[in-house]
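Novice: These are the residues of each chain, in order.
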Amino acid sequence: MPPLWVLLALGCLRLGSGVNLQPQLASVTFATSNTLTTVALEKPLCMFDSPAALHGTYEVYLYVLVNSVAPYSAIDTWPGRRSGGMIVIASILGSLPFFLLIGFAGAIVLSLVDVGSADGETAHDSQITQEAIPKSLGTSEPSYTSVNRGPPLDRAKVYASKLQD
Amino acid sequence: MAKDDSTVRCFQGLLIFENVIIGMCGIALTAECIFFVSNQHSLYPLLEATDNDDIYGAAWIGMFVGICFFCLSVLGIAGIMKSNRKLLLVIFASLTGVCMDPTDTARSYTGQRRDSENLIIRLFLLRYFLLMFIVYGFEVASCITAATQRDFFTPNLFLKQMLERYQNNTPPNNDDQWKNNGVTKTWDRLMLQDNCCGVNGPSDWQKYTSAFRTENNDADYPWPRQCCVMNNLKEPLNLEACKLGVPGYYHNQGCYELISGPMNRHAWGVAWFGFAILCWTFWVLLGTMFYWSRIEY
Chain R
89 MPPLWVLLAL GCLRLGSGVN LQPQLASVTF ATSNTLTTVA LEKPLCMFDS PAALHGTYEV
149 YLYVLVNSVA PYSAIDTWPG RRSGGMIVIA SILGSLPFFL LIGFAGAIVL SLVDVGSADG
209 ETAHDSQITQ EAIPKSLGTS EPSYTSVNRG PPLDRAKVYA SKLQD
Chain B
60 MAKDDSTVRC FQGLLIFENV IIGMCGIALT AECIFFVSNQ HSLYPLLEAT DNDDIYGAAW
120 IGMFVGICFF CLSVLGIAGI MKSNRKLLLV IFASLTGVCM DPTDTARSYT GQRRDSENLI
180 IRLFLLRYFL LMFIVYGFEV ASCITAATQR DFFTPNLFLK QMLERYQNNT PPNNDDQWKN
240 NGVTKTWDRL MLQDNCCGVN GPSDWQKYTS AFRTENNDAD YPWPRQCCVM NNLKEPLNLE
300 ACKLGVPGYY HNQGCYELIS GPMNRHAWGV AWFGFAILCW TFWVLLGTMF YWSRIEY
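Chains R and B supply the protein sequences, listed in that same order. Note that the first sequence ends on residue 253 in the numbering used here; no numbers are left out. Note that the second sequence ends on residue 356 in the numbering used here; no numbers are left out.
No wet-lab data here; the hints were simulated from the structure. Among these hints, one or two may not hold up.
[What the hints assert, rightly or not] Selected chain B positions facing chain R (in silico; Cβ < 10 Å):
1. F188
2. G196
3. E294
As the structure is a prediction and not an experimental result, all values here were calculated from the model. Positions of the beta carbon are idealized from the N, C-alpha and C atoms, including for glycine.
Using the sequences and the hints given, assemble the complete structure.
Specialist: Here it is in structure tokens:
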């Protein structure tokens, strides 16, 4: 029998002063794997100290009380520790925007540096390009923006040879 | 010369391909977040009652971020293709079904090229970068929120909320009444539909005090009626056996797995898929910034 103390009260009849009955379980299987407060009892045969005879049927109420209920406010809902996945996501994603901004600053610096260093050559280069292209019709040369920074002399040679064609 | 051209063309093709991937991932992220937000499992009231519903906020942000990624990828592709007239021409011709004479096109397009066009393209891509940074920041927030909030989903959280709010008919204010109703309806539906009882089991109602216990005495309602095995008419198969705890007439297992499963999938889906998209977008943005810095003007 699980260690609970059982207060047996007989309702609907006045409790006699000399009642000290021990209930007997109907079956051991009813006591296990259930909750703490449900038991199945055999039909009790009661003895009362009143000699008056009882006629008819009576209802018997059995109250089994367990004195070990915890308040729900005592439940601790703190998760304890952080999961590893959360730390990975937070740390990596938290640092990526900074790397992006650093890369953007680097791109700006790169473009400014190139403008500063290649001013004269760039003007020369684009001028040649603008003069040469309307005359190089019919060629299947792809038309890109001048992304390449090849030495201007080579381009001048190439376009000069095309002009001669 | 030819080698430089092909390198540039290869790089542009790579950037366009990467932006296409971003666009498709954006659409997929939007679809996934719509799926989560539309609350397939109707567990939202449980989170709302504990003020822990930030994974839904992360899903909402992810939805809009997905659409923004799609639009920005189109913008990025347009910006890169603007700097490659031939490619733009080919796409345009194939879309409209027009067969154009290459000589005519060369004359009409290349003759109009100015250096200021490069400047326009640079400004165009600059706008692309600015918008991308903003969307990137929002998606970082969404992923970190989803990953962090998921850690709060412990059995004790739902247990405490269930004991406090289930069938609690004396709330102090309207807000609590709304939450109590939501929690009660959700738990009733959950226990009836998924054949479970309580968070860890029916013993939850026995081990702790609860609002349910103050309304119902222990003898008639050791646990809610929804924990009983029901027949086709949604009535308990054997009420007395259910009350006594006879095995087979009440549901013995807890509902925690059925609650935490969908919520974990929701949170991990938003967090990790967003993480993958952001890692990919990081490299695309670096590549596009390098391309931008090499445009002359």
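Novice: Now tell me, hint by hint, if it's right for this structure.
Specialist: We went through each hint and held it up to the structure:
1. For the restraint placing F188 of chain B at the interface with chain R, the shortest Cβ-Cβ distance is roughly 7 Å, inside the 10 Å limit, so the hint holds.
2. Annotation: interface hint on G196 of chain B holds; nearest CB of chain R at approximately 6 Å, less than 10 Å.
3. About 21 Å separates the beta-carbon of E294 of chain B from the nearest beta-carbon of chain R, more than 10 Å, and the hint is not met.
When the structure is compared with the earlier hints, a violation turns up for hint 3 alone.
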